[in-house]
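As they're listed, the protein sequences go chains A and B.
My numbering numbers the first residue of the first sequence as 17 and each following residue consecutively.
My numbering numbers the first residue of the second sequence as 6 and each following residue consecutively.
Keep in mind that the hints were calculated from the coordinates and are not lab data.
Don't take each hint at face value.
Stated by the list, open to error - Straight line, CA to CA, 25 Å or less: simulated SDA-like cross-link-like pairs of lysine to any residue:
#1 Lys57/A with Thr76/A
#2 Lys174/A with Arg252/B
#3 Lys274/B with Arg252/B
#4 Lys174/A with Arg74/B
As the list claims (entries may be wrong) - What the simulated footprint calls covered on chain B by chain A, stretch by stretch (three residues with Cβ under 8 Å from a Cβ of chain A suffice, anywhere in the stretch; the number is not a length):
#5 65–73
#6 100–111
#7 116–127
Note that the Cβ used here is the ideal one computed from N, Cα and C, for glycine as well.
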Amino acid sequence: MPETPLQVTHRQSDDAGTPTVVEVLTDAAKHSVLQVQDYAKLSYHSVLDLFTPPRYGQDTIQQMDDIGVGSLPIVLLSGFFIGAVMVLQTGAQFQRFGQVSLTGDIVSLALVRELGPSITGLLVAGRCSSGIASELGSMLVTEQVDAMRAMGTDPGRKLVSPRVLASLVVVPLLTTISVFIGLVGGMVASVFSLRLSATTFWQRAIAILVFSDLMQGFTKSVVFAFILSTVGCYQGLNVRGGTQGVGRATTQAVVVSSVLIIVADTFLTRLALFLADKL
Amino acid sequence: MGSPSTSAIPAGSNSAEALRFSDVWIGFDEGPILRGLSFSIQTGETLVLLGETGTGKTLALKLAAGLLRPDAGTVRALGQDISAKSERELLQFRRQVGFVFQEGALFDSLTVGENVAYRLEEDGVPADEIEPRVREVLRFVELEHTGEQLPSELSGGMRRRVSIARALIGRPPIVLYDSPTAGLDPITSQTIITLILRLRDVYHVTSVLATHRLQDGFALANFHFDPKARTVRRGASNDKTKPAVTRFLVLRDGRIYFEGSPEDMLNTKDRYLQRFLI
């Protein structure tokens with residue numbers, strides 16, 4: 017029987033006896049594959065639904081406000097201090113070789129290529145992936161999602177796609193802001209800790225960057241946005257076990273999206289380095 | 006309390022048969038819940054679906070609304086085989102069905118007015134048409150003053166009434182009630198049942214009421230709403246063109262245990278059924 021993208025796939029077991037170890041392991045493997053399949057379907061439809069009506073512009077803007085503006089304070093604060101601490105850590109090493117001026121280079125590269133996207137992705141995942149999971153999970157256990165379907169609304173279009181689109185738009189913007197504020201933090205630390213002039217810091221920080229560095233950071237932020245939003249939606253729409261299940265889904269959303277972001281970061285970095293060599 | 010205008014009368018189905026289950030099976034990890042359920046409802050009829058908790062009443066309603074698909078068997082509603090429809094087709098079909106959820110299932114981030122208007126806004130109805138229709142159905146459930154309130158500010162009974170208003174706004178020819186009086190005090194329960202009577206006798210909608218409270222079923226069978234006097238009266242409706250027929254269907258272990266008229270139910274000698282009568 018075909019299932020809807022958001023309908024749980026039910027399995028019917030006829031075995032009444034105690035299952036063997038092999039059966040338990042097989043069931044666990046099947047369950048995991050099933051979860052990956054359901055997640056892939058949800059992700060696929062979340063993108064596909066963006067290109068066909070009905071679209072929910074108002075909901076998307078509301079989510080942009082929630083995810084983007086709501087996450088701005090933590091992104092600004094963490095960005096500033098990460099930039100500053102990078103300067104303190106690397107500057108001490110550069111001082112030993114009399115190459116303090118290189119601090120701007122290393123901080124800029126690290127923030128644009130790596131720390132900006134990944135730290136922003138992890139922070140937004142912690143704040144928004146969990147928020148999405150708990151919101152959708154609560155709607156599911158209180159039958160609001162079923163009510164939506166009963167009134168002829170596709171929950172995928174109404175609940176998932178606006179959150180995915182909003183994340184895809186605002187997370188790269190947040191990453192850009194985070195990188196800039198990180199550089200400001202690095203500059204402040206350079207001036208006061210290493211006695212490096214602000215002009216030198218900025219000149220080196222900007223000069224070292226090439227187009228591929230910017231693309232690497234941008235690509236990562238887009239991928240991380242997709243991961244954190246789809247994982248949050250998937251966990252929320254697959255809650256089992258009432259309010260306790262909502263709590264579990266919230267935790268799972270943060271854990272899974274954070275791990276996936278770190279794993280994806282490794283592969284994207286390798287891919288970027290490979291492409292940089294080829295091009 | 007104003008009398009609802011004719012503009013809000015739901016579009017009736019031309020088909021004489023509003024709903025038919027044919028050998029419907031559905032189950033989950035723990036095994037089959039509904040085992041070969043077969044029954045039908047005629048247009049304008051009221052079916053009281055009785056049963057203990059966990060016998061599959063809610064599942065039957067969700068199958069009727071196309072919210073779940075049967076593992077086997079077919080469900081026909083309003084002349085369409087909904088068990089064979091795709092999810093996209095079902096979204097269109099569900100707009101013709103009103104569903105009142107057990108706890109109301111109101112959108113807690115929207116006001117009462119926005120909840121009721123939701124379906125119309127989804128359908129792209131102009132804003133100047135939405136407002137009077139929302140006011141009309143809220144007046145019907147006697148909650149016109151709550152339009153700006155959030156569901157969390159309402160009592161349980163008021164939330165159920167808003168849920169009925171929300172189901173009514175789409176002018177559905179069939180309304181499915183999932184234990185609408187569960188957990189409510191007797192007076193509030195009576196208010197809800199009166200609303201269901203009004204909906205049935207004023208709008209002539211086909212109704213399926215899932216409940217474990219037999220008194221709700223007998224209230225629907227033994228009373229009618231007189232639109233002219235705007236009051237509930239004992240006995241059958243005076244409207245001979247559209248008489249309200251009420252039938253009982255008792256589920257047990259996922260199968261039909263009893264199907265018959267209120268009189269059959271009342272005069273039963275079956276020990277299990279008599280437990281509902283106590």
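Hint check:
For the suggested pair Lys57/A and Thr76/A, the alpha carbons sit about 21 Å apart, so the restraint of at most 25 Å is met. With a CA separation close to 38 Å, the supplied pair Lys174/A and Arg252/B exceeds the 25 Å bound. Taking the CA atoms of Lys274/B and Arg252/B, the gap is about 18 Å. The hint holds against a cut of 25 Å. Distance restraint check for Lys174/A and Arg74/B: the Cα-Cα separation of roughly 22 Å lies within the 25 Å cut-off, and the hinted pair is therefore satisfied.
Counting residues of the stretch 65–73 of chain B whose CB lies closer than 8 Å to any CB of chain A gives 4, which reaches the minimum of 3, so the coverage claim holds. Under a criterion of three residues with beta carbons nearer than 8 Å to beta carbons of chain A, the stated coverage of the stretch 100–111 of chain B is upheld, 8 such residues being counted. Judged by the Cβ-Cβ criterion of 8 Å, the stretch 116–127 of chain B is covered by chain A as claimed, because 3 of its residues qualify and three suffice.
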